[in-house]
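Got chain A sorted already, so can you dock chain B onto it with the hints?
There are 2 protein chains.
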Amino acid sequence: MNNSPIQTPELIHSPKEIRAKVVAAQKSGLTVGFVPTMGALHEGHLSLAGRAAAECDVTVVSIFVNPTQFGPSEDFSKYPRTLDSDIELLSHYHPVWVFAPEAADMYPPGMSTVVSPPRVSSPLEGVSRPTHFAGVATVVLKLLNMVPADIAYFGQKDYQQACVIRQMVIDLDVATRIAVCPIVRDDDGLAMSSRNRYLTPAERTAALSISRSLRVATERLEAGDRDAESIAAGMRAEMHAAGIREIDYAILANPQTLETLQTATDTVVILIAARVGGTRLIDNCVVSLSPTE
Amino acid sequence: MNNSPIQTPELIHSPKEIRAKVVAAQKSGLTVGFVPTMGALHEGHLSLAGRAAAECDVTVVSIFVNPTQFGPSEDFSKYPRTLDSDIELLSHYHPVWVFAPEAADMYPPGMSTVVSPPRVSSPLEGVSRPTHFAGVATVVLKLLNMVPADIAYFGQKDYQQACVIRQMVIDLDVATRIAVCPIVRDDDGLAMSSRNRYLTPAERTAALSISRSLRVATERLEAGDRDAESIAAGMRAEMHAAGIREIDYAILANPQTLETLQTATDTVVILIAARVGGTRLIDNCVVSLSPTE
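In order, the protein sequence lines correspond to chains A and B.
In terms of the working numbering, the first sequence opens at residue 1 and continues consecutively.
In terms of the working numbering, the second sequence opens at residue 1 and continues consecutively.
This is chain A alone, in the form it adopts within the complex (with noise of 0.2 Å):
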């Protein structure tokens, strides 16, 4: 293992390799941290690899953008694929090792174990995105066995997908610690994702209704409002008025469980799905009140 500087960070495309040196990295007592992405990375994927950066000794950045989470409609042959940027960008910590496996690596023929994910997978995307949650619990399970990092970080910007994530770790024994991470925003308060690049100039105006719903449901519940559902026709509304038509959600949910709340408790999420032209965007939010206010 290499203690010094590497700045510029080392390609890995084969499990059995990466494998070998995150085991190799640990018994020599080195820490390993992991953040799985689907690549195109942003300041979102970077404040990741900043944070298992700093917190361990090795960091791991694997980029597969996985055919199992994407539904038959949805945008996988899109998708952006930014390998050299992505490389590029990650060059500012050190050292990191870029893990990209291949597809037929992922998925060999004959390859029909799935993970059937944890019951929070089920409301929210569940519903929208019927086999997404299966896809990414079979492949970050898979990850997490070919990179058995000590930490591993997923951004809370995909809220209900650390919530499956971690549960499937903790249901199925997995060493690996998770870690959540804050989401990263915009000058403009836009959630920052791959799929952003997608969005016309004025679809990203509309799109800014979502944040700014957050925003306004966040204000309403800090001044002691508790109807979870006046709280969220208002960033129906709010979004309805920025020409967003089609709302897969947005509700105040348990932070835990993810049921939707007619009332608000002492600590929600706030969730929302939101199609802005073609582009299906996710933002939440949680909001901790003291219990007396």
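Worth flagging that the hints you see were computed from the coordinates, not collected in a lab.
There could be a bad hint or two in this list.
Note that the list lumps identical chains together, so a pair holds whenever it fits in one copy or between two copies.
As the list claims (entries may be wrong) - No more than 16 Å apart at the CA atoms, straight line, and that leaves these computed lysine to aspartate or glutamate pairs for EDC-like: (1) 157 - 186; (2) 27 - 150; (3) 157 - 43; (4) 16 - 173; (5) 16 - 105.
For chain B alone, coordinates are given in the frame of chain A:
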């Protein structure tokens, strides 16, 4: 880690503790073999422990009667639990760590992730016991995360189970190597099973027709008979004549996919499941024929 002979197996209940011990052993350069069992150990299990002890520096034997692999009308509650004598039997091998987790640690409240097993789980036992292999796959994956051994040993007696686990480990990139060990038989030919102790003397006599059927079928194959359906009919007649009325299956199959064969190929597995009295027994035999025969 202790390299010196230990005569009394160490008993560990905590998943965290066994994992820490296994990882520490591996970090110190020792290899770890793992034999997952449901206890009620017999010579079949001991042959697995013996092979693990011969091939690895440390042997872990888990003893856990896994509720999720029993169907609602099956023998979970009456399944034999003989921990003290199991530990006694394992004292011939050393060092052995006996890992006996509690059900509450394996399945805490909220546990809801399930490993949906690979395609090879669908026929045969998958028909007779539709939830069985999801329970097996999930518990074995959990156990392999708690005991991340170098090699895990399974008996060929549960032939389809071995196929399911081998494929699951490939599909989910589990690092542990899977070794499948030969069936151990009593002098009268009956395959060793914890469930044999349920048999009355008369039932045991009837049960011997199972292994006898396998021998007769093997002889027909070795004599050049390739009519798999006729051979299978012969097996059923043999068992029927011995008083066995409930035969779940008695077939010749492709040894990889377990698809039933009409015509025998170069390598076949002969598989039987039958109920003798109240006891469901399984047995099998792999026959490899020269292609020129």
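### Query
For which of the previously enumerated hints does the structure constitute a violation, in increasing order of number?
none
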